[in-house]
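Participant: Position chain B against the provided structure of chain A, taking the given hints into account.
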Amino acid sequence: MAVLRYGQSFLAGIGAAVLGLCAATGALVLFAASAISHMVRPPFYPAEIGRQLLRIGWFSLPVVGLTTLFTGGALALQIFAGGARFNAEAVVPSIVAIGMVRELGPVLGGLMVAGRVSASIAAEIGTMRVTEQIDALSTLSTNPMKYLVVPRLIAAVIALPLLVLIGDIIGVMGGFMVGVGRLDFNAATYITTTVNFLTVQDVVSGLVKAAVFGFILALMGCYQGYNSQRGAQGVGRATTNAVVSASVLIFAANYILTEVFFTP
Amino acid sequence: MSTQITLSGLQKSFGPKHVLRGVDLIAPAGQNTVIIGGSGTGKSVLLKCILGLVRPDAGEILLDSAAIGRDRDAFLARFGMLFQGGALFDSLSVWENVAFRLLRGKGKLNRSDARDVAVEKLRRVGLTAEVADQFPAELSGGMQKRVGLARAIAANPEIIFFDEPTTGLDPIMSGVINDLIREITAEIGATGMTITHDMTSVRAIADQVAMLHGGKVRWTGPAAEMDHCGDPYVEQFVTGSADGPIEAVR
Chain A
1 MAVLRYGQSF LAGIGAAVLG LCAATGALVL FAASAISHMV RPPFYPAEIG RQLLRIGWFS
61 LPVVGLTTLF TGGALALQIF AGGARFNAEA VVPSIVAIGM VRELGPVLGG LMVAGRVSAS
121 IAAEIGTMRV TEQIDALSTL STNPMKYLVV PRLIAAVIAL PLLVLIGDII GVMGGFMVGV
181 GRLDFNAATY ITTTVNFLTV QDVVSGLVKA AVFGFILALM GCYQGYNSQR GAQGVGRATT
241 NAVVSASVLI FAANYILTEV FFTP
Chain B
1 MSTQITLSGL QKSFGPKHVL RGVDLIAPAG QNTVIIGGSG TGKSVLLKCI LGLVRPDAGE
61 ILLDSAAIGR DRDAFLARFG MLFQGGALFD SLSVWENVAF RLLRGKGKLN RSDARDVAVE
121 KLRRVGLTAE VADQFPAELS GGMQKRVGLA RAIAANPEII FFDEPTTGLD PIMSGVINDL
181 IREITAEIGA TGMTITHDMT SVRAIADQVA MLHGGKVRWT GPAAEMDHCG DPYVEQFVTG
241 SADGPIEAVR
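Residue numbers (full-length UniProt numbering), protein chains in the order written: chain A, 1 to 264; chain B, 1 to 250.
Don't take every hint at face value.
[Said to hold, decoys possible] Partial chain A-side listing against chain B, Cβ under 10 Å, derived:
#1 Tyr45
#2 Arg51
#3 Glu124
#4 Thr127
#5 Met128
#6 Thr131
#7 Gln133
#8 Ile134
#9 Thr139
#10 Asn143
#11 Glu259
[As the list claims (entries may be wrong)] Using 20 Å as the maximum straight-line C-alpha spacing, the simulated PhoX-like pairs for lysine-lysine come out as follows:
#12 B:Lys108 - A:Lys146
#13 B:Lys106 - A:Lys146
#14 B:Lys17 - B:Lys216
These aren't lab readings, by the way, just hints derived from the structure by calculation. This structure is a prediction, so every number in the text was calculated from the model and none was measured. Yeah, the Cβ is synthetic: ideal placement off N, Cα and C, and Gly gets one too.
For reference, chain A alone in the conformation it holds in the complex (with noise of 0.2 Å):
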């Protein structure tokens, strides 16, 4: 009998688990198509839209480039190191760039982005709620999802990949200067290279991973803020969840754009 009830409470307990993971789910996804159809429906706020574009574009941009610079430094290294092994060290300036244009570059840049932004929607709209000035902005006549969500997914979805255009650039420099101060490459050969081995593909690829990646890391940030539970605990588990949960959204984003772009 005792065997029967551990078996019925274990089972019970992976049912509520799938429930509650379906309802999270469910609410997630209401709370996108609802953002979604706000974004195509007036009225708009391009005043609001420009100041988050500020916000999330050009002040990530320092946290971009310096991450990108050192990574793109760091791969020419790694990539020279493993080609010597088999006697490819040519190699190394068409792998950095390919490397960064596909894949480091939206994914750091995503990453940090998440680290910084999400965190900071998440806190700023959580104080937002549990200060009551989401309720305040209804009974203004403004709705929430216009005046706060939309125009931070609008100007995430714009700016990051601008960012990460910026953030391949400064990737692709850090390489040329390791591998040319460094690892003796010729700077004329290095920059051929590089030019002539990208595709547009690999770029374009790169910039849409960005655009979706802005999108998740905005509307994670707006979604955790906005169901924030009451008290500074429920501000800061909100902050918590928003970067976590953006974090593993890129990742898995990545996986799927990467089969849908690079499958044979």
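Facilitator: Frame of chain A, contents of chain B only:
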């Protein structure tokens, strides 16, 4: 122009917790109705139901005998609300907070005209024009309440809600806010609805008092009759006694 609010059989539950169990109340046009009741009796939920921030499970809300239409913006344009903590937008200056509604939607003003109206409303609540360009975080609690009040009256609404208007204020500032509420609702001819458990506020503001207890309106009557209404729940609440039908956790 003022508006009568009629609530009929209003019910709201959160899971197994029944907060409102059939609230019936009429807030007469142009008068101040104060709703009293202990913490957790559903006073704030009641206001949020009327504003549409919380969807009631059952019951009817009528403004001047007419049900609320589908145009939510037009409906909300008839209301102003002073929130318990002010609920001022941190990222906007004081005048932008006050003029928030004036800068958006139908009949919006240009920024210069909206600023002029905001400064005038700030002056009405006893704040100077210098405050207009400051941010909410730079103001004291009492000043934030005044800015919240200025925002609530900025568009000359027909109905103004006041959620715990004196919470967190010293007695003198509480008195100032109570007087402002009384004066301003009379000036613009608005219907006022205040929720509070501050009996000084009740006496200063109310034309009519309603006591909410157990999810229903326990007693309604003129403020002058509150002390001797014969209802043991109201009398216990008014006197603040620990002994009586309302259970006090000790």
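Participant: Grab the minimum C-beta distance from Gln133 of chain A to chain B and call the hint holds if it beats 10 Å, violated otherwise.
Facilitator: 5 Å, holds
Participant: Quick one, are Lys17 of chain B and Lys216 of chain B close enough, alpha carbons at most 20 Å?
Facilitator: 14 Å, holds
Participant: Would the stated hint for Met128 of chain A survive a check requiring a Cβ distance to chain B of less than 10 Å?
Facilitator: 8 Å, holds
Participant: With chain B as the partner, please determine if Tyr45 of chain A meets the hint condition of a C-beta pair closer than 10 Å.
Facilitator: At about 9 Å, which falls below the 10 Å cut-off, the nearest Cβ of chain B leaves the hint on Tyr45 of chain A intact, so it holds.
Participant: Lys106 of chain B and Lys146 of chain A were given as a pair; does the straight-line alpha-carbon distance stay at or below 20 Å?
Facilitator: Since the Cα atoms of Lys106 of chain B and Lys146 of chain A sit roughly 16 Å apart, the hinted pair holds (cutoff 20 Å).
Participant: Can we keep the Arg51 of chain A interface hint, with Cβ of chain B closer than 10 Å?
Facilitator: Holds - the Cβ of Arg51 of chain A comes within 10 Å of chain B, reaching about 8 Å at its closest.
Participant: Would the stated hint for Ile134 of chain A survive a check requiring a Cβ distance to chain B of less than 10 Å?
Facilitator: Nearest chain B Cβ about 9 Å off; hint holds.
Participant: Does the interface hint hold: is Thr131 of chain A within less than 10 Å of chain B, judged Cβ to Cβ?
Facilitator: Holds - the Cβ of Thr131 of chain A comes within 10 Å of chain B, reaching about 6 Å at its closest.
Participant: Minimum Cβ distance from Asn143 of chain A to chain B below 10 Å?
Facilitator: Interface hint status for Asn143 of chain A: holds (9 Å vs cutoff 10 Å).
Participant: Below or equal to 20 Å on CA atoms is what counts here, so check Lys108 of chain B against Lys146 of chain A.
Facilitator: 18 Å, holds
Participant: Taking the least C-beta to C-beta distance, is Thr127 of chain A closer than 10 Å to chain B?
Facilitator: Because about 8 Å separates Thr127 of chain A from the closest Cβ in chain B, which is inside the 10 Å limit, the hint holds.
Participant: Min Cβ distance, Glu124 of chain A to chain B: is it shorter than 10 Å?
Facilitator: With a minimum Cβ separation of about 8 Å from chain B (threshold 10 Å), the hint on Glu124 of chain A holds.
Comparing the model with each earlier hint shows a violation of hint 11 alone; every other hint is respected.
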